[in-house]
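Visitor: Here are the chains, one letter per residue:
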Amino acid sequence: MDRITHPATRRSLDEYAQIRYLDPSECCFKKTEGGFLSLSIGEKEQYERVDLVRAFPLSDSDSYISVRDSEGNEIGMLESLSRFSDSTRRLLEEELGRRYFTPVIEKIRSIEEEFGYSYWDVDTSAGQRRFTVRRGHNNLVQLGGRRVLVIDVDGNRFEIEDYTSIDSRYSRLIESLL
Amino acid sequence: MDRLEPLSDEARAAFARHGIWPAAMLVVAKADLSTDGEFADTWVVLTDQDLAVLEISRERIGQSDRGRQLREPGTSRFVSYSISDVERLTAESLPLSGILSAVVNGSPVVICRFTNTQARKFGIFAKLFGKVKEGKELTEEDFKDERSPAHCPKCGLLYPDQERRVCPRCLDKRSLFLKVLSFAPKYKVQIGLVLLCMVAGSALNITSPYIRGSLLFDQVLAPEGKYAGRILEIVVLIGAVQLLALLIGIIQGRMNAVVSARIVFDLKSEVFEAMQRLSLSFFNNKQTGSLMTRVNRDAERLQGFFLDGLPYFLVNVVTMTGIVISMVLLDWRLALLVLLPAPAVVYILNKIFPRLWTLFSRMFRRRSAMNALVNDALTGRRVVKAFGREAAEVARFGAVNEGVFAVNVETGLFTSTVFPLINLLMGIGGLVVWGYGGLQVVSGGMTFGTLMTFTGYIAMIYGPLEFMTHIVDWWSSCMDSAQRIFEILDAVPDVVEAPNPVRMPSIKGQISLRDVTFSYEPNRPVLHRINLEIEAGEMIGLVGHSGAGKSTLTNIISRLYDVEEGEILIDGVNVKDIAVRDLRSQIGMVLQDVFLFQGSIAENIAYAKPEATQAEIIRAAKLANAHDFIMRLPDGYDTVIGRQGYDLSGGERQRLSIARAILHDPRILILDEATSSVDVETERLIQEALSRLVQGRTTLAIAHRLPTLRNANRLVVLEKGRVVEVGTHSELVKMRGVYYNLLMKQREALRIRGVAD
Ligand SMILES: Nc1ncnc2c1ncn2[C@@H]1O[C@H](COP(=O)(O)OP(=O)(O)O)[C@@H](O)[C@H]1O
Ligand SMILES: [Mg+2]
Numbered sequence: 001m002d003r004i005t006h007p008a009t010r011r012s013l014d015e016y017a018q019i020r021y022l023d024p025s026e027c028c029f030k031k032t033e034g035g036f037l038s039l040s041i042g043e044k045e046q047y048e049r050v051d052l053v054r055a056f057p058l059s060d061s062d063s064y065i066s067v068r069d070s071e072g073n074e075i076g077m078l079e080s081l082s083r084f085s086d087s088t089r090r091l092l093e094e095e096l097g098r099r100y101f102t103p104v105i106e107k108i109r110s111i112e113e114e115f116g117y118s119y120w121d122v123d124t125s126a127g128q129r130r131f132t133v134r135r136g137h138n139n140l141v142q143l144g145g146r147r148v149l150v151i152d153v154d155g156n157r158f159e160i161e162d163y164t165s166i167d168s169r170y171s172r173l174i175e176s177l178l
Numbered sequence: 001m002d003r004l005e006p007l008s009d010e011a012r013a014a015f016a017r018h019g020i021w022p023a024a025m026l027v028v029a030k031a032d033l034s035t036d037g038e039f040a041d042t043w044v045v046l047t048d049q050d051l052a053v054l055e056i057s058r059e060r061i062g063q064s065d066r067g068r069q070l071r072e073p074g075t076s077r078f079v080s081y082s083i084s085d086v087e088r089l090t091a092e093s094l095p096l097s098g099i100l101s102a103v104v105n106g107s108p109v110v111i112c113r114f115t116n117t118q119a120r121k122f123g124i125f126a127k128l129f130g131k132v133k134e135g136k137e138l139t140e141e142d143f144k145d146e147r148s149p150a151h152c153p154k155c156g157l158l159y160p161d162q163e164r165r166v167c168p169r170c171l172d173k174r175s176l177f178l179k180v181l182s183f184a185p186k187y188k189v190q191i192g193l194v195l196l197c198m199v200a201g202s203a204l205n206i207t208s209p210y211i212r213g214s215l216l217f218d219q220v221l222a223p224e225g226k227y228a229g230r231i232l233e234i235v236v237l238i239g240a241v242q243l244l245a246l247l248i249g250i251i252q253g254r255m256n257a258v259v260s261a262r263i264v265f266d267l268k269s270e271v272f273e274a275m276q277r278l279s280l281s282f283f284n285n286k287q288t289g290s291l292m293t294r295v296n297r298d299a300e301r302l303q304g305f306f307l308d309g310l311p312y313f314l315v316n317v318v319t320m321t322g323i324v325i326s327m328v329l330l331d332w333r334l335a336l337l338v339l340l341p342a343p344a345v346v347y348i349l350n351k352i353f354p355r356l357w358t359l360f361s362r363m364f365r366r367r368s369a370m371n372a373l374v375n376d377a378l379t380g381r382r383v384v385k386a387f388g389r390e391a392a393e394v395a396r397f398g399a400v401n402e403g404v405f406a407v408n409v410e411t412g413l414f415t416s417t418v419f420p421l422i423n424l425l426m427g428i429g430g431l432v433v434w435g436y437g438g439l440q441v442v443s444g445g446m447t448f449g450t451l452m453t454f455t456g457y458i459a460m461i462y463g464p465l466e467f468m469t470h471i472v473d474w475w476s477s478c479m480d481s482a483q484r485i486f487e488i489l490d491a492v493p494d495v496v497e498a499p500n501p502v503r504m505p506s507i508k509g510q511i512s513l514r515d516v517t518f519s520y521e522p523n524r525p526v527l528h529r530i531n532l533e534i535e536a537g538e539m540i541g542l543v544g545h546s547g548a549g550k551s552t553l554t555n556i557i558s559r560l561y562d563v564e565e566g567e568i569l570i571d572g573v574n575v576k577d578i579a580v581r582d583l584r585s586q587i588g589m590v591l592q593d594v595f596l597f598q599g600s601i602a603e604n605i606a607y608a609k610p611e612a613t614q615a616e617i618i619r620a621a622k623l624a625n626a627h628d629f630i631m632r633l634p635d636g637y638d639t640v641i642g643r644q645g646y647d648l649s650g651g652e653r654q655r656l657s658i659a660r661a662i663l664h665d666p667r668i669l670i671l672d673e674a675t676s677s678v679d680v681e682t683e684r685l686i687q688e689a690l691s692r693l694v695q696g697r698t699t700l701a702i703a704h705r706l707p708t709l710r711n712a713n714r715l716v717v718l719e720k721g722r723v724v725e726v727g728t729h730s731e732l733v734k735m736r737g738v739y740y741n742l743l744m745k746q747r748e749a750l751r752i753r754g755v756a757d
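Sequence order for the protein chains is A and B.
Read left to right, the first sequence gives residues 1 to 178 (the working numbering).
Read left to right, the second sequence gives residues 1 to 757 (the working numbering).
Treat the hints as calculated values from the structure; they're not laboratory data.
Bear in mind that the values here come from a model prediction, so they are computed numbers and not experimental data.
Any given hint might turn out to be false.
DSSO-like, lysine-lysine: derived pairs with alpha carbons at most 30 Å apart [what the hints assert, rightly or not]: (1) B:Lys745 with A:Lys44; (2) B:Lys508 with B:Lys136; (3) B:Lys268 with B:Lys188; (4) B:Lys144 with B:Lys576; (5) B:Lys609 with B:Lys144; (6) A:Lys44 with B:Lys576; (7) A:Lys30 with B:Lys720; (8) B:Lys508 with B:Lys576; (9) B:Lys576 with B:Lys127; (10) B:Lys131 with B:Lys720; (11) B:Lys133 with B:Lys144; (12) B:Lys133 with A:Lys31; (13) B:Lys351 with A:Lys107; (14) B:Lys720 with A:Lys31; (15) A:Lys31 with B:Lys576; (16) B:Lys576 with B:Lys609.
Sequences are here, hints too, so could you generate the full structure?
Guide: Here's what the structure looks like:
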């Protein structure tokens, strides 16, 4: 672990400033037995574990994705997921979905408001969940249109795709919290 | 964390099936996600042989309409690893979730996934694993997590805000109220008088309709009355009662204004004092600016409540009880009739007002958003102009303004419909009195005077009802404000002084770091096992990429944050044991962003030593190469700087902060990028000043440009939170390692810019 690599320092400044965009036709992503993604680029480059990091997680979540090695150094970037084959794309989307875990709220069972906190009990795309949201502090964010991001006190995120389409009681409450 | 989280029956049975019995379990932790990234119960169990994982997917209600494959409820996945095969276990924070990852027989493996809620727990789990693998015994100490999410001891609720540790459900508003009142005893006499005035005022209020009704019509105007014809006296009486009520009202109002302002003033001063005690991380969490405005707003809200809300409420309660009693005594049937619509009115008001408050609060929020925008655009107008963004700013303002307009219209429409309706409702009581009372008067069952008294009371009883429905909201929002204020008053600074601190009025300046690990956020260590010995008077240059942890290292040495692991010793004493006062007075910092507060240059230089003489201030400025530029200002050392004052350049600010440090005369000096972002000549001036400053002090210098550190006795190279190289410049160059690479890269960069050195 304490082995330290300095790819950034070894490369010349020009190289350092340049982004390497990975060519979809050369990349082979696979899910490993251990549950990570592995990547091989062409014949020579092999990574047992790579991590994906979004450059624009909110505004453009499917483009400009950084692929990093287990030390956190950037291997390269994926310009757009749409340029990959369906199966690879699904693989990448699933991995991103787990890293950027943001369940979609499908049904609100109840929201109780008390003293500046709201207690939510919801069904999400990932199952049922209860959580607490602090009022104010931008914990409910409107992401353009009717999409709303809910951030709980632990920093977990939930998404409501269209807050006007849920139970009118709650949609009014949510509107008042926005 | 808990050593053993209680296993569910299902989980216990499943583990037993795989031969893992509760008796063998050293640590049990439950994760809340499955490896597929769904909510699930995933049990991770550590025995002295194995690391076992059992994943039980939860029962799902209904079908997901997002086309995900749902597993059957209750299916489980069991995996077990022999501890000897697991090389290392790490809790990693991904952007929006976490994983416990392992290297098993050389391959990376995801052990379990969890949400941010459990990040700390698995951070500790990973550490515990390390200990067990080394064959060490686990002690209770290992499970301690000072920063662990805490629960309300009363109702078990996870505190919604871990920093506050306040359970909103169990928040005892009554005791809070008493706590606010505990600021009151100083003003006993005044408060007693206020209360007396209230009761007297209420009594007068109640008698007034009686005098103008029953007494006037039945006793004075009626020929058979007791005081028939004594008009002058009754008019004088009515006048006197009115005058007296007015007087009492004035006295009460004036006294109340003073007392409540005093109480709030006392509260605010205490808050400010408390804020000075608190550590940096408190402010990092709360954002100082918004904290201060919030304190002010909370205090004002409290004052409003004490000034308007509480007295009005008390007066109303007394008055209403008095009126009800009087009405019942006068004519209980009519009293009943009059009070009949009251519950309905209260009910309807209760329905309408919440909607109104939402509208008002939305209006308030949109307006403050607009103000913030205007503020930004004005204070940042140089940036706006420099980037030619005027049109965009105008467009942004337009959008926000439209929002304000919309909510204004909505509120206006709502109130102009609702208030007349409420008035109509309240008028019903009056109609009842006129109708039924009128009939009674005609049939001789009631005197005209009683009827008049009743109509007087009607107005008095329905008027305050509206207020009374809203006092509850007012009260809870005020107690919320009070709570926030006390939170600061009662907050325990997390850099706490030891119970018996070691006084060290003169530190020599020898520093040792032993196995220091530090993280701001769970599972993201910023410094790993740092070991470093610094001699007294030595100058150390800290080198590394930005984000390597250089500033963090200086922060923990000056104990702006406490480390979790390892220890930091100054002159052989743990910094946690040194009296905070002594520590702070002997560590000085010159930082990249210099904080200058509103005030004169002299005051800013003398910040750490307010009693400094003018000569001392000038000497410090001279040593800091600041004297000349200060003297060029029309107001010299009296020039007011800071937000609204004179604008100093970056280099000038930095030299002021060096002067400040010279005056402060610390034994340990920290220079964090003190010379970045200045031109060559200014840098020379600052360098010169610094070289005078570092004489005879232990100095930790961070500099972006490596040549600036050529005076350092030793250089310490940090990379990703680890010390990777230590030595003099020439030693490190010979090593051809990280430092050499950094140096070469910088030279290259300089050459590209055509300023090769
Ligand atoms: N208050 C903080 N809260 C959380 N993370 C922080 C905080 N301050 C710094 N960090 C993080 O710690 C790491 C080291 O930062 P720092 O010590 O400022 O680096 P350097 O001074 O070497 O540039 C960075 O990744 C930074 O993002
Ligand atoms: Mg820094």
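Visitor: Determine for every hint whether it applies to the structure shown.
Guide: Hints, one by one, checked against the model:
Under the criterion of a C-alpha separation no larger than 30 Å, the hint pairing B:Lys745 with A:Lys44 is consistent with the structure, at around 28 Å. Our distance criterion of 30 Å between C-alpha atoms is broken by B:Lys508 and B:Lys136, whose separation comes to about 38 Å. The hinted pair formed by B:Lys268 and B:Lys188 meets the criterion: a straight-line CA distance of about 20 Å does not exceed 30 Å. Taking the CA atoms of B:Lys144 and B:Lys576, the gap is near 18 Å; set against the 30 Å cutoff, the hint holds.
The hinted pair formed by B:Lys609 and B:Lys144 fails the criterion: a straight-line CA distance of about 41 Å is larger than 30 Å. Taking the CA atoms of A:Lys44 and B:Lys576, the gap is about 52 Å. The hint is violated against a cut of 30 Å. Simply put, A:Lys30 and B:Lys720 have alpha-carbon atoms about 29 Å apart, close enough for the 30 Å limit, and the pair holds. The suggested pairing of B:Lys508 with B:Lys576 holds, with an alpha-carbon distance near 17 Å, which does not exceed 30 Å.
The hinted pair formed by B:Lys576 and B:Lys127 meets the criterion: a straight-line CA distance of about 23 Å does not exceed 30 Å. Proposed proximity of B:Lys131 and B:Lys720 is supported: the alpha carbons are some 24 Å apart, at most 30 Å. Pair hint B:Lys133 plus B:Lys144 holds up; C-alpha atoms about 19 Å apart against a cutoff of 30 Å. Proposed proximity of B:Lys133 and A:Lys31 is supported: the alpha carbons are some 28 Å apart, at most 30 Å.
Using a Cα cut-off of 30 Å, the hinted pair B:Lys351 and A:Lys107 holds, with the two alpha carbons roughly 26 Å apart. Between B:Lys720 and A:Lys31 the alpha-carbon distance is near 28 Å, which keeps this suggested pair within the 30 Å criterion. Between A:Lys31 and B:Lys576 the alpha-carbon distance is near 47 Å, which puts this suggested pair outside the 30 Å criterion. Under the criterion of a C-alpha separation no larger than 30 Å, the hint pairing B:Lys576 with B:Lys609 is consistent with the structure, at around 24 Å.
Of the numbered hints listed earlier, those contradicted by the structure are 2, 5, 6, 15.
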